[in-house]
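> Here's the letter readout for the chains.
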Amino acid sequence: MASDGGAYSYSLTVFSPSGKLVQIEHALAAVAQGTTSLGIKATNGIVIATEKKSSSLLIDSSMLDKVAVICPNIGIVYSGMGPDFRVLVAKARKSAQAYWKIYGEYPPTKVLTREIATVMQEATQSGGVRPFGVSLLVAGWDITRGPTLYQVDPSGSFWAWKASAIGKNMVNAKTFLEKRYNDDISLEDAIHTALLTLKEGFEGQMTEKTIEIGVVTVPTPAELEASQVGAATGRPTPTFRILSEEEVRDYLAL
Amino acid sequence: MSIMELNGGSVIAMVGKDCVAIASDLRLGNQALSISSNFQKIFPVTDRIYIGLPGLASDVATLRERFRLRVNMYTIKEERELEPETFAHLVSSTLYEKRFSPYFVEPVVAGLSKLPTSTPESPKFKPFICGTDLIGCLNFAKDFIVCGTASEKLFGVAEGLWEPDLEPEDLFETISQTLLNAVDRDAFSGWGAVVHVLTPDKVITRTLRGRMD
Numbered sequence: 001m002a003s004d005g006g007a008y009s010y011s012l013t014v015f016s017p018s019g020k021l022v023q024i025e026h027a028l029a030a031v032a033q034g035t036t037s038l039g040i041k042a043t044n045g046i047v048i049a050t051e052k053k054s055s056s057l058l059i060d061s062s063m064l065d066k067v068a069v070i071c072p073n074i075g076i077v078y079s080g081m082g083p084d085f086r087v088l089v090a091k092a093r094k095s096a097q098a099y100w101k102i103y104g105e106y107p108p109t110k111v112l113t114r115e116i117a118t119v120m121q122e123a124t125q126s127g128g129v130r131p132f133g134v135s136l137l138v139a140g141w142d143i144t145r146g147p148t149l150y151q152v153d154p155s156g157s158f159w160a161w162k163a164s165a166i167g168k169n170m171v172n173a174k175t176f177l178e179k180r181y182n183d184d185i186s187l188e189d190a191i192h193t194a195l196l197t198l199k200e201g202f203e204g205q206m207t208e209k210t211i212e213i214g215v216v217t218v219p220t221p222a223e224l225e226a227s228q229v230g231a232a233t234g235r236p237t238p239t240f241r242i243l244s245e246e247e248v249r250d251y252l253a254l
Numbered sequence: 001m002s003i004m005e006l007n008g009g010s011v012i013a014m015v016g017k018d019c020v021a022i023a024s025d026l027r028l029g030n031q032a033l034s035i036s037s038n039f040q041k042i043f044p045v046t047d048r049i050y051i052g053l054p055g056l057a058s059d060v061a062t063l064r065e066r067f068r069l070r071v072n073m074y075t076i077k078e079e080r081e082l083e084p085e086t087f088a089h090l091v092s093s094t095l096y097e098k099r100f101s102p103y104f105v106e107p108v109v110a111g112l113s114k115l116p117t118s119t120p121e122s123p124k125f126k127p128f129i130c131g132t133d134l135i136g137c138l139n140f141a142k143d144f145i146v147c148g149t150a151s152e153k154l155f156g157v158a159e160g161l162w163e164p165d166l167e168p169e170d171l172f173e174t175i176s177q178t179l180l181n182a183v184d185r186d187a188f189s190g191w192g193a194v195v196h197v198l199t200p201d202k203v204i205t206r207t208l209r210g211r212m213d
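As you go down the protein sequences, you meet chains A and B in turn. Heads up: the first sequence begins at 1 in our numbering, then just goes up one per residue. Heads up: the second sequence begins at 1 in our numbering, then just goes up one per residue.
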């Protein structure tokens with residue numbers, strides 16, 4: 001990597017002569033050390049997955065939440081620093097509820113992603129704070145755009161992907177995905193591909209206990225009608241859910 | 001005299017077959033003194049949503065602009081058009097923000113909401129109306145919503161005249177007769193009326209000739 005920026009690398013609010021904010025580069029390095037996560041968008045849904053790597057056998061990994069639900073239609077996964085992810089999840093959930101309080105419905109994926117990205121950007125332009133050491137993959141469904149997958153970086157920039165990987169093994173994983181992805185992929189194929197991609201760089205045994213998978217599905221028109229009736233009390237049909245260990249085991253067995 | 005009766009005015013919205021109608025009188029007064037027979041109380045929010053704002057005229061003007069700001073910000077930020085249900089919740093939360101020093105307006109929202117099964121080639125709509133009280137309590141009715149100084153009279157005539165699945169032309173007749181006869185019995189409403197009928201393709205606006213007293 002290039003020289004560490006010298007005197008410009010310590011204060012976030014100072015550009016280096018080459019036009020970089022070196023702290024953000026360092027944050028990306030922290031992300032690149034994190035466990036691999038990936039997301040794949042299919043025609044009828046999205047799958048996001050991550051490794052649940054524990055540093056010791058004594059850790060109860062079933063209590064570890066690396067894929068998080070933000071609201072019934074959006075979920076996120078990360079690579080990088082766990083505690084920073086926890087804080088962002090809390091803020092994202094609060095933001096989704098604030099939106100609900102005004103509009104009586106949950107935000108579309110792009111809007112929520114923009115809110116999260118704004119929070120992350122604020123940590124790159126304020127005094128006395130450091131950037132968040134995580135990259136996020138945000139997967140959600142909304143009625144206007146259907147299923148969408150976004151990546152958010154420590155700098156606060158975000159963009160949409162058809163398929164992407166972040167973290168330790170991202171380069172190999174992305175090459176693998178480029179070969180295997182096509183625009184007509186179905187959700188079932190996408191889950192299968194996600195598992196194969198994770199397996200490529202997996203250190204140790206890949207079982208239902210060492211990976212976590214979240215899935216976005218598309219509601220049928222009947223389900224949508226049902227949730228619209230009585231707009232005041234209609235509950236939105238959840239479109240994002242985290243697969244249980246049994247379901248993951250079934251997919252691994254295939 | 002309550003503050004809601006200072007300026008006078010009434011609004012009614014009715015559901016028809018694949019259409020909605022919203023109508024209001026045109027009076028603006030200062031208690032018994034009539035000042036204007038041309039005071040607009042119904043405003044377009046989008047092509048398919050109209051909002052009626054009966055009550056204190058100053059708050060009518062203020063809310064019209066607050067909603068315009070919020071709707072424009074929504075449309076630009078989300079890159080999509082507001083649906084009536086979403087707008088109704090926006091109205092409710094805007095009013096509840098001022099729970100302890102409220103806007104003296106009781107809005108009526110009328111619109112056509114897109115069905116989930118709708119496609120760009122064959123759009124399908126469902127009629128939608130709702131009313132709120134001055135602090136934002138939503139009332140989703142299936143037949144009609146009435147509001148303003150003549151609201152009790154409007155309830156009576158609407159209960160008598162409304163029936164489900166009225167075609168746009170019949171809905172226009174029904175809502176017009178309901179409004180005109182009800183405001184004739186109210187000293188603070190009247191001095192002309194305007195009716196908007198919203199259908200999936202177009203909006204027809206007609207001004208009615210009523211008793212100018």
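No lab work stands behind these hints: they were computed from the structure. Keep in mind that the hints are not guaranteed to be accurate.
Claimed, not checked - Distance ranges between label pairs, derived from CB positions: (1) A:56 to B:99: 51 to 61 Å; (2) A:130 to B:140: 39 to 49 Å; (3) A:119 to B:96: 23 to 33 Å; (4) B:46 to A:125: 32 to 42 Å; (5) B:205 to A:145: 45 to 55 Å; (6) A:171 to B:46: 39 to 49 Å; (7) B:97 to A:241: 33 to 43 Å.
Said to hold, decoys possible - Derived pair list, reagent style BS3-like, types lysine-lysine, alpha-carbon separation capped at 25 Å: (8) A:91 to B:142; (9) A:162 to B:98; (10) A:94 to B:98; (11) B:17 to A:101; (12) B:142 to A:101; (13) B:114 to A:101.
Keep in mind that this is a model prediction, so the values were computed, not measured. We put the CB at the ideal spot given by N, CA and C, even for glycine.
> Give a verdict on every hint.
Evaluation of the provided hints:
1. The hint said 51 to 61 Å for the Cβ distance between residue 56 (chain A) and residue 99 (chain B), and at roughly 53 Å that hint holds.
2. For residue 130 (chain A) paired with residue 140 (chain B), a C-beta distance near 48 Å keeps the hint of 39 to 49 Å intact.
3. Range check, residue 119 (chain A) to residue 96 (chain B): Cβ separation about 26 Å, and the 23 to 33 Å hint holds.
4. Judged by the Cβ atoms, the range 32 to 42 Å given for residue 46 (chain B) and residue 125 (chain A) holds: they are separated by roughly 36 Å.
5. Restraint check, residue 205 (chain B) to residue 145 (chain A): a C-beta distance of roughly 34 Å breaks the suggested window 45 to 55 Å.
6. Hint check: residue 171 (chain A) to residue 46 (chain B), Cβ distance near 47 Å, so the stated range 39 to 49 Å holds.
7. Distance hint check: the CB atoms of residue 97 (chain B) and residue 241 (chain A) are about 34 Å apart, consistent with the given range 33 to 43 Å.
8. The straight-line distance between the Cα atoms of residue 91 (chain A) and residue 142 (chain B) is roughly 38 Å, outside the 25 Å bound, and the hint therefore fails.
9. For the proposed pair residue 162 (chain A) and residue 98 (chain B), the alpha carbon gap of about 44 Å is over 25 Å, so the pair is violated.
10. Our distance criterion of 25 Å between C-alpha atoms is met by residue 94 (chain A) and residue 98 (chain B), whose separation comes to about 22 Å.
11. For the given pair, residue 17 (chain B) sits about 31 Å from residue 101 (chain A) by alpha-carbon distance, which is inconsistent with the 25 Å threshold.
12. At roughly 24 Å between alpha-carbon atoms, residue 142 (chain B) and residue 101 (chain A) fall within 25 Å of each other, so this suggested pair holds.
13. Restraint check: the Cα-Cα separation between residue 114 (chain B) and residue 101 (chain A) comes to about 22 Å, which is no more than 25 Å; the hinted pair holds.
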